[in-house]
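I would like the entire structure built from these sequences, with the hints used as guidance.
Each chain, written out:
Protein chains: 2
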Amino acid sequence: MDAMKELWSHFNEIRKIQYIDELLGWDQSVNMPKGSIKGRAEQRQFTRKLIHTKIKSDKTGELIKNAEKLDNLNDIDLALIREAKREYEHAIKIPDELIAEITKTGALGYIEWEKARENSDFPRFKPYLEKMVKLRIEFAEKLDTGPTLYSTLIDLFEPGATYDWVAKIFNEMKSSIVKIVKKLNTSSDKPDQSILKRHYDPNKQWELSVEIIKKLNFDFNIGRQDKSTHPFTASISSIDTRITTRIWEDFLPACIFGTIHECGHALYEMGFSKEIHNTFLADGCSMGIHESQSRLWENIVGRSREFWVYWYPIFQKSFPENLKDYPREEFYRSLNVVQPSFIRVEADEVTYGLHIILRFELEKMMIEENLQIDELPQIWNSKFEDLFGIVPPNDKEGVLQDPHWIGGYGYFPTYALGNLYGAQIYQKVLKDNPNLPQDFKKGEFSNLLNYLKENVYRYGKIYRASELIKKITGEDLNPNYFFKYAEDKFYPIYGF
Amino acid sequence: MDAMKELWSHFNEIRKIQYIDELLGWDQSVNMPKGSIKGRAEQRQFTRKLIHTKIKSDKTGELIKNAEKLDNLNDIDLALIREAKREYEHAIKIPDELIAEITKTGALGYIEWEKARENSDFPRFKPYLEKMVKLRIEFAEKLDTGPTLYSTLIDLFEPGATYDWVAKIFNEMKSSIVKIVKKLNTSSDKPDQSILKRHYDPNKQWELSVEIIKKLNFDFNIGRQDKSTHPFTASISSIDTRITTRIWEDFLPACIFGTIHECGHALYEMGFSKEIHNTFLADGCSMGIHESQSRLWENIVGRSREFWVYWYPIFQKSFPENLKDYPREEFYRSLNVVQPSFIRVEADEVTYGLHIILRFELEKMMIEENLQIDELPQIWNSKFEDLFGIVPPNDKEGVLQDPHWIGGYGYFPTYALGNLYGAQIYQKVLKDNPNLPQDFKKGEFSNLLNYLKENVYRYGKIYRASELIKKITGEDLNPNYFFKYAEDKFYPIYGF
Numbered sequence: 072m073d074a075m076k077e078l079w080s081h082f083n084e085i086r087k088i089q090y091i092d093e094l095l096g097w098d099q100s101v102n103m104p105k106g107s108i109k110g111r112a113e114q115r116q117f118t119r120k121l122i123h124t125k126i127k128s129d130k131t132g133e134l135i136k137n138a139e140k141l142d143n144l145n146d147i148d149l150a151l152i153r154e155a156k157r158e159y160e161h162a163i164k165i166p167d168e169l170i171a172e173i174t175k176t177g178a179l180g181y182i183e184w185e186k187a188r189e190n191s192d193f194p195r196f197k198p199y200l201e202k203m204v205k206l207r208i209e210f211a212e213k214l215d216t217g218p219t220l221y222s223t224l225i226d227l228f229e230p231g232a233t234y235d236w237v238a239k240i241f242n243e244m245k246s247s248i249v250k251i252v253k254k255l256n257t258s259s260d261k262p263d264q265s266i267l268k269r270h271y272d273p274n275k276q277w278e279l280s281v282e283i284i285k286k287l288n289f290d291f292n293i294g295r296q297d298k299s300t301h302p303f304t305a306s307i308s309s310i311d312t313r314i315t316t317r318i319w320e321d322f323l324p325a326c327i328f329g330t331i332h333e334c335g336h337a338l339y340e341m342g343f344s345k346e347i348h349n350t351f352l353a354d355g356c357s358m359g360i361h362e363s364q365s366r367l368w369e370n371i372v373g374r375s376r377e378f379w380v381y382w383y384p385i386f387q388k389s390f391p392e393n394l395k396d397y398p399r400e401e402f403y404r405s406l407n408v409v410q411p412s413f414i415r416v417e418a419d420e421v422t423y424g425l426h427i428i429l430r431f432e433l434e435k436m437m438i439e440e441n442l443q444i445d446e447l448p449q450i451w452n453s454k455f456e457d458l459f460g461i462v463p464p465n466d467k468e469g470v471l472q473d474p475h476w477i478g479g480y481g482y483f484p485t486y487a488l489g490n491l492y493g494a495q496i497y498q499k500v501l502k503d504n505p506n507l508p509q510d511f512k513k514g515e516f517s518n519l520l521n522y523l524k525e526n527v528y529r530y531g532k533i534y535r536a537s538e539l540i541k542k543i544t545g546e547d548l549n550p551n552y553f554f555k556y557a558e559d560k561f562y563p564i565y566g567f
Numbered sequence: 072m073d074a075m076k077e078l079w080s081h082f083n084e085i086r087k088i089q090y091i092d093e094l095l096g097w098d099q100s101v102n103m104p105k106g107s108i109k110g111r112a113e114q115r116q117f118t119r120k121l122i123h124t125k126i127k128s129d130k131t132g133e134l135i136k137n138a139e140k141l142d143n144l145n146d147i148d149l150a151l152i153r154e155a156k157r158e159y160e161h162a163i164k165i166p167d168e169l170i171a172e173i174t175k176t177g178a179l180g181y182i183e184w185e186k187a188r189e190n191s192d193f194p195r196f197k198p199y200l201e202k203m204v205k206l207r208i209e210f211a212e213k214l215d216t217g218p219t220l221y222s223t224l225i226d227l228f229e230p231g232a233t234y235d236w237v238a239k240i241f242n243e244m245k246s247s248i249v250k251i252v253k254k255l256n257t258s259s260d261k262p263d264q265s266i267l268k269r270h271y272d273p274n275k276q277w278e279l280s281v282e283i284i285k286k287l288n289f290d291f292n293i294g295r296q297d298k299s300t301h302p303f304t305a306s307i308s309s310i311d312t313r314i315t316t317r318i319w320e321d322f323l324p325a326c327i328f329g330t331i332h333e334c335g336h337a338l339y340e341m342g343f344s345k346e347i348h349n350t351f352l353a354d355g356c357s358m359g360i361h362e363s364q365s366r367l368w369e370n371i372v373g374r375s376r377e378f379w380v381y382w383y384p385i386f387q388k389s390f391p392e393n394l395k396d397y398p399r400e401e402f403y404r405s406l407n408v409v410q411p412s413f414i415r416v417e418a419d420e421v422t423y424g425l426h427i428i429l430r431f432e433l434e435k436m437m438i439e440e441n442l443q444i445d446e447l448p449q450i451w452n453s454k455f456e457d458l459f460g461i462v463p464p465n466d467k468e469g470v471l472q473d474p475h476w477i478g479g480y481g482y483f484p485t486y487a488l489g490n491l492y493g494a495q496i497y498q499k500v501l502k503d504n505p506n507l508p509q510d511f512k513k514g515e516f517s518n519l520l521n522y523l524k525e526n527v528y529r530y531g532k533i534y535r536a537s538e539l540i541k542k543i544t545g546e547d548l549n550p551n552y553f554f555k556y557a558e559d560k561f562y563p564i565y566g567f
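Residue numbers (the numbering used here), protein chains in the order written: chain A, 72 to 567; chain B, 72 to 567.
Quick caveat, the hints were computed from the structure, so don't treat them as lab data.
Any given hint might turn out to be false.
Since the list gives no way to pick out one identical chain from another, each pair is judged satisfied if it fits inside one copy or across any two copies.
Within a straight-line C-alpha distance of at most 25 Å, the following computed BS3-like cross-link-like pairs (lysine-lysine) qualify [claimed, not checked]:
| hint | residue 1 | residue 2 |
| --- | --- | --- |
| 1 | 127 | 513 |
| 2 | 105 | 541 |
| 3 | 286 | 560 |
| 4 | 467 | 502 |
| 5 | 125 | 164 |
| 6 | 87 | 127 |
| 7 | 560 | 499 |
| 8 | 87 | 109 |
| 9 | 105 | 286 |
If you're wondering where the values come from, they're calculated on a predicted model, not measured in any experiment.
Put into structure tokens, the structure is as follows:
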């Protein structure tokens, strides 16, 4: 079994460098002085090159070959071989020059994207986007792991997923969402969000965010929360997971749900079984599964009526000027407004899927159907109108809103898969623990967390998403759980 | 000149890993959650091993050999060859097993030291100290760069210094300090420290500490200040220097002078010329020279009468309950009390040298004269009585107060050398800029900083301390400047 041991040790070392790189990134977003970027960029270039070189080395190839000869391996060993092989093959198939070109175009393009978005100036961004599409097509051709080019790119984020599989699910999702949204739109008793747009003291928001994640069992002994422009989660080892949040003084949900969302990611990372701590398998199963956990905690738990039975009186005490006389049920409804909107990151949990479908269809066209980038804004807008019934007033609120496309393609779908996985997993949790919502009313979340740890988190990257969802729920990904969840939740909120 | 270029590039890479290691350390002291230490320890083990392996590699030896063949090298190239050679020879002379043994003994011993100090229990610490002395003797024997074993160890921190050289200076220092302390002791008008021991709001202390270093031209665009148990300075690149301070609610100087002290170190690190940024020469010339700058800013500037002409009214406004009716001159005197005390880190700038002499003499006995570690506490106490006229009541306030000896020997002398270098450099600054103290009265410190940058900081590690002090002041290290500074400052404070 020495071959297996060697493979573990080799990839544990790679994981260690990834953690170091993660600290460099976390520090850059949270602490680093503004003028220090050049030094930091060189440091991260070094760590990333070191990771890449180690993965690509002949040693990796040999270790994998030796390990593959072994019999009677357990699931964990098999998973390491699978992941090691995946990384190794990616590394040897893609020329270093192509990676360098993608990195450079991404870095330059990101700066241009920021300026282009600021001024709603798509032509400024166009050449960079054009180039990145070309590079990513070349990348997919070289990698060639999926049945089609776009499938190959999707597989990078959601291993095992293909375009056809996602498209089938998204088609069902589209019609169900449209149906729900249409119905909600006919309501004569729609909830109103204005209460959330008053002024909320930032220090109190921060204190409450900390109080909430303490109750959610975020472990401050091996974690911390800070502030950053965009909330994110960073794992600096299996016993060091850090989240960030942002605080908007005039919109309460930004901080509270930003915190709960990242806390969901962190609970996942904190819940890996000790066996795989600090190994290459100490990672989320897929982006979709990871996102399912942030959304489960944020939306299914954090925006539930029961959650606010416990928390609303505490919020009323913190913000009496806004909430003292405001009824709890109305506050709960205000957190669950469903309406078409232009910006993805501000969308509610129902219409969110439509934002993703739009991007998914456009990515397919860019990667496989030779879509002319000149025409992208116009196609964005017309597709947007088809889906939402409204047209973005400008490209800033349209095609320029997200930076993802100056990095790659295939990531967006995982966000929507997260909603679907999350709802399916949660129905199983509820089936096995029908009294859980009663816990939430008492500010008690450890039964939920323990269940998720036992059935989801501890496995890390041992199983593929398709295996994991079956292991947890007994069936393949089934979007109907999300539709049922959405109908059961939102119809009553809208008075049906 | 390719050989030189390659040597630079090789050592720039090593420097980069050192910076990454420094961030890992900074984060550990400032941000890291308590329960995350195991992961961090493994990460630092990795970075340190990587640094060591690169320095020790055959490649290093070859690059040095090739560079040494070149003619007409400038001072900077020559300095790199000198430093590269020094590091390489250290690395190849000391077996990895010995380094591992020292690291392990140091880590275990540190934990035991903490407990031993807590309970004033020297026997508990003794076996670890005994072992470390043995290991460091072996280390010095293997390294064998100085005329004696202890000289070899001193040279690690103060390159070029020997025991004889230091002993000669310290002998002069001892008699001068003893003379000054004796005279001050006969004063009938001694300053009184009690005003500093009132309650000072920690938030206001923090704000003032930030305000002060802003005025001292600490560059927050490429630096930051945080809190930690023990103040320290960390350079994470040549454009990212971070300091920490601590706040004691009932002792004002801890924060204020801790901050100014570390700011002095940071101004040095921020002042390296661009030419050597992020290179192996972007480092202090020696520990003694580095310490000279922290002490120059802390003691010569920060504890000067002129400094407080500007700052005292501001402090009075922040702490009216303590300072409103307290005269400025008395406050200034309270900051400059000279008196024998047991604890080195709390000592004033005059008696400080005696604490160092005690350690210097004991280190010599431990490394070269086979001092029995059993007898160390007793010898400490009797030597302490000789120097200070008082005997520590227990080992906690005696031999167990510092952790240094579970790491190595030869570091302590550099602290006192810092005082001497600092005074000598400052007299030269004053000679060239006699009006500087008038600046301080206006809260203006950029003329001082610019002079130090131009004449000291920009050189980094290009010159050895003996060359640098001559370059700056035109003569070798001369302790008389410190004695004169001390007499001129403290005799008036004590009414002479």
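Structure-based check of all given hints:
Taking the shortest alpha-carbon separations for residue 127 and residue 513, neither the intra-copy value of 52 Å nor the inter-copy value of 61 Å comes in at or below 25 Å. For the identical chains of this complex, residue 105 and residue 541 are neighbours neither inside a copy (47 Å) nor across copies (37 Å), given an alpha-carbon limit of 25 Å. Proximity of residue 286 and residue 560 under a CA criterion of 25 Å is satisfied intra-copy only: 24 Å inside one chain copy versus 58 Å between copies. Taking CA atoms no more than 25 Å apart as the test, residue 467 paired with residue 502 passes in neither setting, with 44 Å inside one copy and 61 Å between copies.
For a Cα distance limit of 25 Å, the shortest separation of residue 125 from residue 164 inside one copy, 15 Å, qualifies, whereas the shortest one across copies, 29 Å, does not. For the homomeric pair residue 87 and residue 127, the shortest alpha-carbon distances inside one copy (16 Å) and between copies (22 Å) are both at most 25 Å. For a Cα distance limit of 25 Å, the shortest separation of residue 560 from residue 499 inside one copy, 17 Å, qualifies, whereas the shortest one across copies, 78 Å, does not. For the homomeric pair residue 87 and residue 109, the shortest alpha-carbon distances inside one copy (23 Å) and between copies (12 Å) are both at most 25 Å.
With identical chains, the CA atoms of residue 105 and residue 286 are at most 25 Å apart between copies only, with a shortest distance of 19 Å across copies and 34 Å within one.
Hint violations for this structure: numbers 1, 2 and 4, all remaining hints satisfied.
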